[in-house]
Amino acid sequence: MSSQEIIALFAESIEVEPSTLKPETVIADVPEWNSLGWLTIMSLLDERCQIRLSAPQIRGFKTVNDAICAVNDQLSAKKG
Amino acid sequence: MDAYLRAIATHLPARVVTNEQLQAENPGWDIAKIAAKTGIEHRHIAHDSETAGDLAFVAGCKLLENSGINRQSIDYLLFCTQSPDYYLPATSCVLQHRLKLPTSCAAIDINQGCSGYVYGLDMARALIISGSARNVLLLTGETYSKYIHPRDRSVRVLFGDAASASLISADGPGAKIGSACLGTDGAGASNLIVPAGGARTPMGDKYPEETVDEHGCVRTAANLYMNGQELFSFTLHRVPELVRNTLAKNNLTVDQVKWFVFHQANAFMNKHLQSKLKIDVSRIPAFLKYVGNTVSNTIPLTIMNCHQQFSSGDNVMLIGFGVGYSWGASVLSWEPIISA
Numbered sequence: 156m157s158s159q160e161i162i163a164l165f166a167e168s169i170e171v172e173p174s175t176l177k178p179e180t181v182i183a184d185v186p187e188w189n190s191l192g193w194l195t196i197m198s199l200l201d202e203r204c205q206i207r208l209s210a211p212q213i214r215g216f217k218t219v220n221d222a223i224c225a226v227n228d229q230l231s232a233k234k235g
Numbered sequence: 405m406d407a408y409l410r411a412i413a414t415h416l417p418a419r420v421v422t423n424e425q426l427q428a429e430n431p432g433w434d435i436a437k438i439a440a441k442t443g444i445e446h447r448h449i450a451h452d453s454e455t456a457g458d459l460a461f462v463a464g465c466k467l468l469e470n471s472g473i474n475r476q477s478i479d480y481l482l483f484c485t486q487s488p489d490y491y492l493p494a495t496s497c498v499l500q501h502r503l504k505l506p507t508s509c510a511a512i513d514i515n516q517g518c519s520g521y522v523y524g525l526d527m528a529r530a531l532i533i534s535g536s537a538r539n540v541l542l543l544t545g546e547t548y549s550k551y552i553h554p555r556d557r558s559v560r561v562l563f564g565d566a567a568s569a570s571l572i573s574a575d576g577p578g579a580k581i582g583s584a585c586l587g588t589d590g591a592g593a594s595n596l597i598v599p600a601g602g603a604r605t606p607m608g609d610k611y612p613e614e615t616v617d618e619h620g621c622v623r624t625a626a627n628l629y630m631n632g633q634e635l636f637s638f639t640l641h642r643v644p645e646l647v648r649n650t651l652a653k654n655n656l657t658v659d660q661v662k663w664f665v666f667h668q669a670n671a672f673m674n675k676h677l678q679s680k681l682k683i684d685v686s687r688i689p690a691f692l693k694y695v696g697n698t699v700s701n702t703i704p705l706t707i708m709n710c711h712q713q714f715s716s717g718d719n720v721m722l723i724g725f726g727v728g729y730s731w732g733a734s735v736l737s738w739e740p741i742i743s744a
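Chains as they are written, first to last, in this note's numbering: chain S, 156 to 235; chain P, 405 to 744.
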């Protein structure tokens with residue numbers, strides 16, 4: 156998945172415009188990206204990509220790019 | 405030898421806490437948004453002096469009075485709770501006396517939560533098949549509200565208190581109980597826990613310190629803590645596999661099971677499970693909106709609320725999962741039961 160596609164999935168989950176999320180955006184600065192938002196992201200990632208992010212991983216994410224990299228790592232691991 | 409679920413009674417405490425009340429008490433909470441995810445609008449909350457044993461007593465009385473069973477014939481009492489009336493004795497012993505069950509009746513507590521009803525049914529079935537008992541009274545009762553900090557949004561919006569009573573017998577009529585699949589992964593113990601108060605972290609006479617987490621939820625070590633993300637991840641991982649294993653153990657295909665009664669953790673979780681398992685939503689009864697997550701009571705409450713839709717011969721899968729981690733599923737071959 157491209158970074159833009161992953162951002163679109165995040166945006167859809169937390170119900171914001173994709174253009175408001177950049178790779179450098181700090182997740183803690185996005186009010187909609189709260190614990191409920193994370194649950195929806197986890198649900199969509201499981202449903203559409205069959206991957207699961209763990210809670211400790213999620214706690215470690217500072218920026219949107221951190222989350223994009225984790226999703227891509229899992230997608231690569233699944234293929235590999 | 406088979407075991408039959410013959411009757412169920414349920415009981416909810418009288419006090420109701422609505423989302424509007426929670427919003428008024430906590431102006432910073434976005435209750436509408438939370439409720440859209442959880443599907444919960446009200447929850448029943450026990451009074452300060454009302455215990456899980458008290459709630460189960462009422463459910464037990466209803467069952468004994470309305471099911472036609474002679475209380476002298478109850479030879480085993482199982483009480484599933486994680487909010488017992490005392491450290492000791494077992495609350496089931498107190499309930500044996502209060503319910504005027506014979507002194508020849510065995511009584512034990514089962515410390516399980518969201519998987520507890522399935523565990524209780526399976527233990528009752530095993531006791532009957534082994535010849536140890538003929539009429540098992542399975543009670544569930546929970547007052548998680550007593551563990552919840554009033555300013556902990558993550559759990560206060562979800563949980564409600566309730567009790568149930570079920571009669572499982574060696575003879576029907578009733579729904580025949582099939583083989584259960586059960587499982588445990590204690591690696592998840594810390595993700596849904598009341599950390600202090602037991603021997604590991606005694607409370608003594610200390611009043612534990614309040615902490616505020618990164619989401620603004622307030623709690624002490626003596627309160628219920630839930631890591632929602634971990635619980636969700638656990639559910640995604642375990643429950644589809646549990647459903648598949650239970651189908652296989654009972655020689656059934658997914659299409660041969662008419663109804664899937666999931667533990668009612670929250671609407672979001674069950675919607676996701678439904679979509680992941682590709683089961684039509686019309687086959688998944690829900691009973692959450694006015695009671696919330698009532699832990700080991702969700703499955704009997706849902707059966708009681710929805711069983712008029714069930715027909716003789718329908719296979720009904722019961723699926724419980726959560727605190728522990730602990731999980732279990734079983735299948736009922738449906739025949740009408742008594743709504744006590």
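Hint data in this document are derived by calculation from the structure and do not stem from the laboratory. Among the hints, erroneous ones may be present.
[To be verified] Label-pair restraints from in silico Cβ distances:
id, chain 1, residue 1, chain 2, residue 2, range
1, P, D659, S, S231, 55 to 61 Å
2, P, D659, S, E167, 27 to 33 Å
3, S, S209, P, G472, 48 to 54 Å
4, S, S209, P, G587, 15 to 21 Å
We put the CB at the ideal spot given by N, CA and C, even for glycine.
Item to check | Hint check, failures only | outcome: 1
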